[in-house]
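Protein chains: 2
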Amino acid sequence: MEFTKNFDVRNGRNLTMLVDFYELTMGNGYLESEAGNKTAYFDMFFRRVPDDGGYCIMAGVQQIIEYLSNLKFSDEDIEYLKSRNIFSEKFLNYLRNFKFCCDVWAVPEGNPVFPNEPLVVVKGPAIQAQFVETMILLTVNHQTLIATKANRICRAAEGRSVMEFGSRRAQGYDGAIYGARAAAIGGCNSTACTIAEQMFGIPAVGTMAHSWIQLFPNEYEAFKAWAEVYPDNCTLLIDTYNVLKSGLPNAIKVFNEVLLPKGYRPKGIRLDSGDITYLSKKCREILDKAGFSDVNIVVSNSLDEFIIRDVLSQGAVIDSFGVGERLITAKSEPVFGGVYKLAAVENEDGTIVPKIKISENEEKITNPGFKKIYRIFDKANDKAIADLITLAEENIDENNPIELFNPVYTWKKKKIKDYYVKELLVKIFDKGKLVYESPDVMEIRKIVQEETEKLWPEVLRFENPHNYYVDLSRKLWDLKEELLHKYSSEYVE
Amino acid sequence: MEFTKNFDVRNGRNLTMLVDFYELTMGNGYLESEAGNKTAYFDMFFRRVPDDGGYCIMAGVQQIIEYLSNLKFSDEDIEYLKSRNIFSEKFLNYLRNFKFCCDVWAVPEGNPVFPNEPLVVVKGPAIQAQFVETMILLTVNHQTLIATKANRICRAAEGRSVMEFGSRRAQGYDGAIYGARAAAIGGCNSTACTIAEQMFGIPAVGTMAHSWIQLFPNEYEAFKAWAEVYPDNCTLLIDTYNVLKSGLPNAIKVFNEVLLPKGYRPKGIRLDSGDITYLSKKCREILDKAGFSDVNIVVSNSLDEFIIRDVLSQGAVIDSFGVGERLITAKSEPVFGGVYKLAAVENEDGTIVPKIKISENEEKITNPGFKKIYRIFDKANDKAIADLITLAEENIDENNPIELFNPVYTWKKKKIKDYYVKELLVKIFDKGKLVYESPDVMEIRKIVQEETEKLWPEVLRFENPHNYYVDLSRKLWDLKEELLHKYSSEYVE
Numbered sequence: 001m002e003f004t005k006n007f008d009v010r011n012g013r014n015l016t017m018l019v020d021f022y023e024l025t026m027g028n029g030y031l032e033s034e035a036g037n038k039t040a041y042f043d044m045f046f047r048r049v050p051d052d053g054g055y056c057i058m059a060g061v062q063q064i065i066e067y068l069s070n071l072k073f074s075d076e077d078i079e080y081l082k083s084r085n086i087f088s089e090k091f092l093n094y095l096r097n098f099k100f101c102c103d104v105w106a107v108p109e110g111n112p113v114f115p116n117e118p119l120v121v122v123k124g125p126a127i128q129a130q131f132v133e134t135m136i137l138l139t140v141n142h143q144t145l146i147a148t149k150a151n152r153i154c155r156a157a158e159g160r161s162v163m164e165f166g167s168r169r170a171q172g173y174d175g176a177i178y179g180a181r182a183a184a185i186g187g188c189n190s191t192a193c194t195i196a197e198q199m200f201g202i203p204a205v206g207t208m209a210h211s212w213i214q215l216f217p218n219e220y221e222a223f224k225a226w227a228e229v230y231p232d233n234c235t236l237l238i239d240t241y242n243v244l245k246s247g248l249p250n251a252i253k254v255f256n257e258v259l260l261p262k263g264y265r266p267k268g269i270r271l272d273s274g275d276i277t278y279l280s281k282k283c284r285e286i287l288d289k290a291g292f293s294d295v296n297i298v299v300s301n302s303l304d305e306f307i308i309r310d311v312l313s314q315g316a317v318i319d320s321f322g323v324g325e326r327l328i329t330a331k332s333e334p335v336f337g338g339v340y341k342l343a344a345v346e347n348e349d350g351t352i353v354p355k356i357k358i359s360e361n362e363e364k365i366t367n368p369g370f371k372k373i374y375r376i377f378d379k380a381n382d383k384a385i386a387d388l389i390t391l392a393e394e395n396i397d398e399n400n401p402i403e404l405f406n407p408v409y410t411w412k413k414k415k416i417k418d419y420y421v422k423e424l425l426v427k428i429f430d431k432g433k434l435v436y437e438s439p440d441v442m443e444i445r446k447i448v449q450e451e452t453e454k455l456w457p458e459v460l461r462f463e464n465p466h467n468y469y470v471d472l473s474r475k476l477w478d479l480k481e482e483l484l485h486k487y488s489s490e491y492v493e
Numbered sequence: 001m002e003f004t005k006n007f008d009v010r011n012g013r014n015l016t017m018l019v020d021f022y023e024l025t026m027g028n029g030y031l032e033s034e035a036g037n038k039t040a041y042f043d044m045f046f047r048r049v050p051d052d053g054g055y056c057i058m059a060g061v062q063q064i065i066e067y068l069s070n071l072k073f074s075d076e077d078i079e080y081l082k083s084r085n086i087f088s089e090k091f092l093n094y095l096r097n098f099k100f101c102c103d104v105w106a107v108p109e110g111n112p113v114f115p116n117e118p119l120v121v122v123k124g125p126a127i128q129a130q131f132v133e134t135m136i137l138l139t140v141n142h143q144t145l146i147a148t149k150a151n152r153i154c155r156a157a158e159g160r161s162v163m164e165f166g167s168r169r170a171q172g173y174d175g176a177i178y179g180a181r182a183a184a185i186g187g188c189n190s191t192a193c194t195i196a197e198q199m200f201g202i203p204a205v206g207t208m209a210h211s212w213i214q215l216f217p218n219e220y221e222a223f224k225a226w227a228e229v230y231p232d233n234c235t236l237l238i239d240t241y242n243v244l245k246s247g248l249p250n251a252i253k254v255f256n257e258v259l260l261p262k263g264y265r266p267k268g269i270r271l272d273s274g275d276i277t278y279l280s281k282k283c284r285e286i287l288d289k290a291g292f293s294d295v296n297i298v299v300s301n302s303l304d305e306f307i308i309r310d311v312l313s314q315g316a317v318i319d320s321f322g323v324g325e326r327l328i329t330a331k332s333e334p335v336f337g338g339v340y341k342l343a344a345v346e347n348e349d350g351t352i353v354p355k356i357k358i359s360e361n362e363e364k365i366t367n368p369g370f371k372k373i374y375r376i377f378d379k380a381n382d383k384a385i386a387d388l389i390t391l392a393e394e395n396i397d398e399n400n401p402i403e404l405f406n407p408v409y410t411w412k413k414k415k416i417k418d419y420y421v422k423e424l425l426v427k428i429f430d431k432g433k434l435v436y437e438s439p440d441v442m443e444i445r446k447i448v449q450e451e452t453e454k455l456w457p458e459v460l461r462f463e464n465p466h467n468y469y470v471d472l473s474r475k476l477w478d479l480k481e482e483l484l485h486k487y488s489s490e491y492v493e
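So the sequence lines, in the order shown, correspond to chains G and W. Residues 1 to 493 (my numbering) make up the first sequence, in order. Residues 1 to 493 (my numbering) make up the second sequence, in order.
Treat the hints with caution; some may be incorrect.
Pairs involving identical chains hold if they fit within one copy or between any two copies, as the list cannot separate such chains.
When the alpha-carbon atoms are kept at most 16 Å apart in a straight line, the in silico EDC-like pairs for lysine to aspartate or glutamate are as follows [as the list claims (entries may be wrong)]:
#: 1; residue 1: Lys331; residue 2: Asp51
#: 2; residue 1: Lys446; residue 2: Glu285
#: 3; residue 1: Lys72; residue 2: Glu423
#: 4; residue 1: Lys372; residue 2: Asp294
#: 5; residue 1: Lys262; residue 2: Glu398
#: 6; residue 1: Lys90; residue 2: Asp418
#: 7; residue 1: Lys245; residue 2: Glu490
#: 8; residue 1: Lys281; residue 2: Glu393
#: 9; residue 1: Lys267; residue 2: Glu423
#: 10; residue 1: Lys253; residue 2: Asp397
#: 11; residue 1: Lys224; residue 2: Glu32
#: 12; residue 1: Lys357; residue 2: Glu481
#: 13; residue 1: Lys245; residue 2: Glu360
#: 14; residue 1: Lys412; residue 2: Glu450
For the record, the hints were derived by calculation from the structure and aren't laboratory data. None of these values were measured; they are calculated from a predicted model.
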């Protein structure tokens, strides 16, 4: 398998040591106690959709692939670890010869995902399956957060173009770079982040800052100089001094004096401050009257899905949104709380012993066992009806009806006929060998559009969306109950 | 000058192409219009302290140094830019032979900084001084945000140890790595992020996850195995099943059975869920009675400055806090709104023409001209009285009193005697040559402690802190007024 456009070859960073120190102290401990050779199953999942939304957009699988493909401890890494004087020579040797040998499954990027579904499953020696926790969480938590936020913003824009403009306010360089990637997956059609075009093929866009205008003797001269350099792609920033008294009149003057005589049509004007509802309407009216009804109005300035929905509902006339800080940091809810929990351990005879993490907080109780997820679609309209988490050994026969039931209120049941299913988890590593190829970012963006189309509008709603059903198979539900009863008799008050 | 521990040699990334596309379209335009050779002065500053705090902690200068030292366009970069078909051959050649030649000043890391103060000043050819905008903002915005948040959290902990635990929830890999750096600068004394110890010398710490305990037949066996591997540094996570009925009794049993006979004292117990006020008090009582009054209680679980202050005020008995997602993302306010604005342009005869960015929003009006900042200290107690922004040509004679005045309510005046001053901006690049050496991260951490000591407690307060004075010199104020009157007569309604 080849990595070209997708792969972070430019930077070629080895992020092996980007790991919580406790993964190392546990690793060392596993070897010492011989528990490290046990085969463990870990699930990565989340418990809540940010912003009380109806679903999330899976993202980050390609970067997990790059990370796992590059796992390797350098001599300096070993030297550094040795200097800590807490790791055994046996463990340091293990790391020196580290060869990733786990099986890994993941929900492919771009699919809508829901709370409590395993998004990534890792099976392998406990010492390895544990070690990759930090980077799997960091990668999926970040990109899924931003892809989900971007998807909300693009939905609010109702088909208008949304450009990702956040690099300068991102949380670190990768926040900008992979944030731009995730934003494109979520639906943005371009980015201001140049390196994101180079790395991922997301169209990079940009025109001028206020400083361009300030560097010239006056606004008219600045616009004129711009139009002369970019006659075929001329968008002017018109709010440096005063939009209606100065910016727009100067822009129209330059359109007429510089572009039209050369046979070019102007592309757009951009507003970056002020009351964008009022100004966009006024600008539209004036542009139309001046014969520029084809000139786009581009708007930026601390936008998010709430403001975009609001200004559009007030009749703002906007063709394109530039969205910065509130997208690139997911400002309204900047933490995606994915977790990585032990789900099962394999005995030496190969039998799988399911594990459960109990908690006094019922929502924090995990689903035990080695599992898979089926998405169930209605044959009549291709809409997704529910997701069903089953044990890995279970298969669904599409010819038979399925009975779904609420895992808490089990008397709430539903029988489904005329359906088809899709398995969500796909194997990406087989005993450490990569067996999956990621689509390009702009292809993943299309997957998002196709797959969210299959959700009912009630699930897509911003406010109080319908709770999409994520149910457990009877077998998994029984297993969970059994373990809960067992533990509760031992520990829970 | 050598880069060793401080420098990101491990990754050696060239982030030249991490740039907003408009810096490139402007750069190309400057060359075409001959405006690019003008010498421009840009200021990086912010307008508001996050969380309505009283001050921010400057951070990120070392990474600006690394970025500017590495600025270079590779052949692939040029190829990519050429493929966009909008850049002139002259511009591509300029980039091919790019040599950074600007002067750069910055406030050294660890200093408290305030709104409207230039934190970074860049002077050089407009095309270059403009180009570095994205990365200067991205770097300082991120690290100052996290250092400031960490400083709040550490203040709430009132001298107790605060460990940075956030990697898994950070916004991207650099969010974790440089976030850990900034958190240490702000006051955290350790991190879970292993690579941050390797790169910056911040002590990395960690023990076990719940999965360690689940991988053993029972909690007791898991604790016993741990104590046998780490007898001299044994901290046990006691909330996997039930803190008081299972975790703590098993921990005490293992302390008595495994550690004491070998002559070791246990180090601590860790709580990661539940009501930490109640549980910490109970655990302390039980540990003390069992003869373990020297055993630390470590607490984690969605902490921030507000929760820490709250549980401490309720009498929680905690020695050490592990702080994760709310620190590493600055969850309560995850955007640091630093901006980069043109302050002046040099004419061909060398005279500096100050530039102002006006706005209908008064707070967004910039301070014009090439400037510097004096921090004024009281000789009697070394407390910081005020900061004074002056033109670069102005000097303060400490033998004469200074009159400070409020830049809005100019009748609010204050005459200062018996003071001394410190210039805040330090030159870090001279015509593109690095002339400054950053202290190590743990030294910067000390600077923060020393410099925040010099602020009055009223400025340090969380709620409604005293507004530290940031005043303008008479000369700068006069200049600003003059420009405002000039522009307002032209444009403002």
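Here is what the structure says about each hint:
Within a single copy, Lys331 and Asp51 get their C-alpha atoms as close as 10 Å, and across copies as close as 13 Å, so both meet the 16 Å cut-off. In this assembly of identical chains, Lys446 and Glu285 lie within 16 Å of each other by CA distance neither inside one copy nor across copies; the values are 35 Å within and 59 Å between. In this assembly of identical chains, the alpha carbons of Lys72 and Glu423 never lie at most 16 Å apart, being 32 Å within a copy and 47 Å across copies at closest. In this homomeric assembly, Lys372 and Asp294 never come within 16 Å of each other (Cα to Cα): the closest approach is 51 Å inside a single copy and 47 Å across copies.
Taking the closest pair of Cα atoms, Lys262 and Glu398 never come within 16 Å of each other, the shortest separation being 64 Å inside a single copy and 62 Å across copies. In the homo-oligomer, the alpha carbons of Lys90 and Asp418 never lie at most 16 Å apart, since the shortest distance is 57 Å inside one protomer and 65 Å across protomers. For the identical chains of this complex, Lys245 and Glu490 are inter-copy neighbours only, at 9 Å across copies versus 76 Å inside a copy, given an alpha-carbon limit of 16 Å. For a Cα distance limit of 16 Å, the shortest separation of Lys281 from Glu393 qualifies neither inside one copy, at 60 Å, nor across copies, at 46 Å.
Proximity of Lys267 to Glu423 under the C-alpha cut-off of 16 Å is found in neither arrangement, the shortest distances being 45 Å within a copy and 47 Å between copies. Neither within a single protomer nor between protomers do Lys253 and Asp397 lie at most 16 Å apart by alpha-carbon distance, with minima of 69 Å and 52 Å respectively. Taking the closest pair of Cα atoms, Lys224 and Glu32 come within 16 Å of each other only across two copies (12 Å); inside a single copy the shortest separation is 73 Å, beyond that limit. For the identical chains of this complex, Lys357 and Glu481 are intra-copy neighbours only, at 13 Å inside a copy versus 65 Å across copies, given an alpha-carbon limit of 16 Å.
For a Cα distance limit of 16 Å, the shortest separation of Lys245 from Glu360 across copies, 13 Å, qualifies, whereas the shortest one inside one copy, 63 Å, does not. In this homomeric assembly, Lys412 and Glu450 never come within 16 Å of each other (Cα to Cα): the closest approach is 30 Å inside a single copy and 63 Å across copies.
Taken one by one, the earlier hints fail for this structure at numbers 2, 3, 4, 5, 6, 8, 9, 10 and 14, listed in ascending order.
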